Structure formats: structure tokens, C-alpha cells
Amino acid sequence: MRSLKNRTAPYVFLIPWILGFVILTAIPLFMSLYFSFTNYNLLTAPKTVGFSNYIKMFTTDVHFKNALKVTFLYVFVSVPLQLLVSLILALVLNKGVPGLSMFRAAYYVPSLLGGSVAISILWRQIFGMQGLLNLILQRMGINSTISWIASPKTAVWTLVILRMWQFGSPMIIFLAAIKQVPAELVEAAEIDGATRLQRITRIVIPMISPIILFNLIMQIISAFKVFTESYIISGGGGGNGGLGGVRDSLLFYTLHIYSEGFNKMRMGYASALAWFLVLIMAIVTGVIFAAARKFVYYE
Amino acid sequence: MKKNDRTVMIIKLVLLSVFAVAVLYPLAWMIGSSFKPEATIFKDLGVIPKQFTVENYFIGWKANGRTSFSVFFRNSLFISILCVIGNLLSCVLTAYPFARLRFRGQNIMFALMMMTLMIPQHATIVPQYVYFYKLGWIDTFLPMIIPKFLATDTFFIYMVMQFIRGIPRELDEAAIVDGCSVYSVFTRIILPLTRPALVTTTIFTFMWSWNDFFTQLIYLRSAPKYTVTLGLRMFVDSTAKSAFGAMFAMSTLSIVPMLILFVLFQRQLVEGIATSGLKG
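Respectively, the protein sequence lines represent chains A and B.
With the first letter of the first sequence counted as 1, position 159 gets the number 162 in this note's numbering; the numbers rise by one all the way through.
With the first letter of the second sequence counted as 1, position 33 gets the number 1176 in this note's numbering; the numbers rise by one all the way through.
Please keep in mind that the hints were generated in silico from the structure rather than gathered at the bench.
Note that the coordinates shown come from a computational prediction; the quantities given were computed from them, not determined experimentally.
Each hint should be verified, as a subset may be incorrect.
To be verified - Derived DSS-like pairs: lysine-lysine, alpha-carbon spacing no greater than 25 Å straight-line:
| id | chain 1 | residue 1 | chain 2 | residue 2 |
| --- | --- | --- | --- | --- |
| 1 | A | Lys98 | B | Lys1155 |
| 2 | B | Lys1368 | A | Lys267 |
| 3 | A | Lys267 | A | Lys50 |
| 4 | A | Lys50 | B | Lys1277 |
| 5 | A | Lys72 | A | Lys156 |
| 6 | A | Lys182 | B | Lys1277 |
| 7 | B | Lys1277 | A | Lys267 |
Given these sequences and hints, build the entire structure.
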């Protein structure tokens, strides 16, 4: 009798998941692949157009190249810097500091709030023409009157800084990893005459390299998906230069998908853009994993 | 040597504190500025207002004059709470059989589930939008809530699963010997013992739903359905220039629930991040 119950029970428990997987993941995945080969505006039936959406990306869509450029610059500059800051702080805090939990909490707050609309609004004001940064610079005697957001050269850097500011959560992960490094190893190296820097670069860093890889992958994926910041800081379409900022300087890839799909109702083209992003993310994580074999140390 | 160590420690503490102040300053300045008279905000670098006023809060709360932040807060709270309930129910229901039971197709289903971790939202968002559009769910809360009841947050399923695996199997076996069915093992043994993992799920789901912008932006269209994040966006969109105080006031209010959760559940948050890499 017990085994009889066991036979159906698992599937009863799994009803919500099976429904969700089929309806909200599996079918949409195939549908969006299909849409990417059509023109579809929601109101009339999708019309098959072959590869023309994919061709359009590389030919007539002038924004696509800008979106790729901005996103790549952002991902590959901000994530390494963010991880560097978080690793250095984790190493410093690990040495035992009075009030460790207080520092950890204070450093974590930006990560807690960083993705919110409130912080994006704040960033817009900090780097605006009459913003906080210019006010500080003026007090220091530097006469800066530019809007860091409206000038295409600096705009993306305000978002890089925003990501660096959120170093707290990778720092907490690093801290937990460093604690796991066997003390004997570090002590042995110390007895053998290794300097503090050598102990870090030769023992601690290799020992936590799987966690460095984990943080790198997680942050790169989340950086590719950044949306709120680019939408709000570029002014939500109402500010300087419209959605995506002046000369597309804040046109992140996801914002481009949004603007094509949900503003211009080009669902087919948006699907093609989305699939191309999936492809890019798969390639980037694949390359990182392949490269990691050389650098990551597994026990 | 000893004395030298102490100076090093003091220097370190000073540097760490200076850094902490620098990191938190923009946030503190925003909160402080929300209590300053509008005209003084961008003239004053200080955090503590010289002239204290709550006027910004009254102006901001009214939003566009037709729909106020009472509506936005109520909507955000409603969505977030239902998302939490949905995630709790569906994640623990899904995690239990994968962690404890043996059944046909288990390996393949598990593989499919883990695969969804790697699929970005963008690959499915357009067809999902088409679904919800056809169902007439645009400008309702359903597109945010229903997916949570269908176990779409794989991350939490996996976390709860790992937790259930840590519960000694002898407990289940003893209960079955005592005549419990699979269902009552679930409700009497597994459910009470997974509470810590469920607390983590609750906190993170609430914060993510509260902070969510993209989904709410594409599905919610009319002001009476707006959430706090969409209400804040109205300040950015509007061409009216002189509303910084009100904007800061409402931004400050919007992060209060997050800060409260952080203060109350700091330990769970830090553990959740350290052990499973959940992002804040």
C-alpha cells in the first residue's frame, strides 16, 4: 500500500512545477525562437520572414551596434573592477577587525538597494548637471558644469560606478570562502618565509579560485541583464535624448529589446534580439569556463 | 612589535571607516535631502538638514494628484505578499519529491529544471507577454503573481532541496513505520524542519518582487495599478523640474521595507548570500 501511494505522490507534488515548466518555459522558448523568424505586432498573425530579423541586426538597425558596444564595455569593465574591490575588502576584513559585522553590514547596504528604482533616481541626480558630484567638485575649486549623464563619453561610466558600488554581496561570498581556507596551509607558508603578499597570491587566491569563478559568472550574467538602471538613468524616454540616452550612450542591450518589443511592438524582432543575447551569454560563459580550467584549482 | 601591530590595526580601522562613510554617503545624502526645503537641496552637501521639513513627503505622496502613493504602496505590498506565498508553496512542493522520493522520469525532470536556471528571462518574455495579452491579463497583477505559484524560481527550489537533503532520513522512515503517508511526512516532518530555508525564500522573494521593475513596467499600464517602482518612474518621466525633494522623499520611503527586512533578518540574509550565492 505504501509503494502504491509513493507511485502517484511525487507527481501530485510536482503539478505546479510541471505546469509552470511546460506553459511558462518550454513552450515560450520554442515560440520565441519561431517569432524570431517572423514579423509580429500582436494584433495580426505572425508573418514568416526567414532570417531577415537577424540580418536586420547587422545591417539596418543602427542602434544594435551601439547597444552591443555599451553593454560589452559595461560588462567587461565593471564586473572585474567590482570583484577586485570586493576581494580586497574581503581579504582585509578576514584578518580580523573589531566591528567586523558592522563593516560587513555597512558594505552590504549598496548591494541590497543597488538594483532599485530609488537608487537609479539618486544616481541620475548625483551625475546630473546640477548634481551632487558637480557640487562637490565646485566646492573643491573645480568648475564642472557638464552633465555626466548627458555627455555620451561619460554616461556609461556612471553605471560602471553604480555596479562597483554594489561590491557587498560578492564580498560576503569571498569572506565565507576565505574562512574555509585551511589555516595550516597559510601557517606553513608563513614558516617557510612567505611574505604576506605571497601568502595571499600563492595560497589564498588559488584556494578560493572556484569561488572567484562563481562570482565572475554570476556577476557577468547579471550585468548582461541590467535594465532598471539604464531605463531610469537615461530618463525613461522623457529625459535627455530619449530612451537610451544621448547618442545611445545608455542604450543597454535589454533596453533595446524593450524598446523594440514593447514600445514599437516589433515582437518578432525583439525575439531575435533576445535569442542573440542568449547566444552571446552562452558563448561568454562557455569561454570563461574553458579558460577557467587553466586557472581554477579544485581539490 | 605589539605596538606596531596596534598602529597597523588603527590605520586599518580608520581606512575601513572612511571607506564605509564614502560608500554610504550618497544614500545618506538622499535621505537627508528628503527633509530639506526644495530650494536648498542642491546647495547643501550635508546630510543633516539645517532646516527640517516634511513638506516633501506630503507633496510626493500625492504623486500626480489623481493617484497617490497610498495606492502604489498597497499594490506593491499586495503583489509582493502574494509572490511570497506562491513561491513558498510551489518551491517546497517541488523540492520535496526531488530531494526525497524516487519516481520515473526523475533524472530527466531534474535536468530540465536545472536547465531553466541558465535560461535568461529574455528568451521567454515575448511569448509570455503574448499569452497574458491573449488572456486579457495586461494591466492586472496576475502576470507577476501566477508564475510564482507555478514554481518558476528554480533558485529557491534548489536551495530548499539542498536543505531537505540535510534533514536526517531516519526521521521520515520512523514516521512511515508509524503509519504516516508520504503526504503527512511532508506536512509533519519536512515542512516544519525546512523553516530556515523558507525564511530565506520569503525575504528574498519579497525584496525582489518589491524591487522588480521590468515585469511591472511591461504589464501595468494605468496609474491605479501602478506599484511603488512605477510611481517613482513618474517623477523621472514628468517634465516638471522642481520636484527633487518629493522624488527623494518617495525614493526614501520605497527603500524603507528593504531596510527593515535587512535589520530584522541580517543573519539570514548574510547566510543566504554566503552559502548559496543569492544576490541581494
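Results for each hint:
no.	hint	result
1	A:Lys98 x B:Lys1155	holds (10 Å)
2	B:Lys1368 x A:Lys267	holds (22 Å)
3	A:Lys267 x A:Lys50	holds (17 Å)
4	A:Lys50 x B:Lys1277	holds (18 Å)
5	A:Lys72 x A:Lys156	holds (13 Å)
6	A:Lys182 x B:Lys1277	violated (52 Å)
7	B:Lys1277 x A:Lys267	holds (18 Å)
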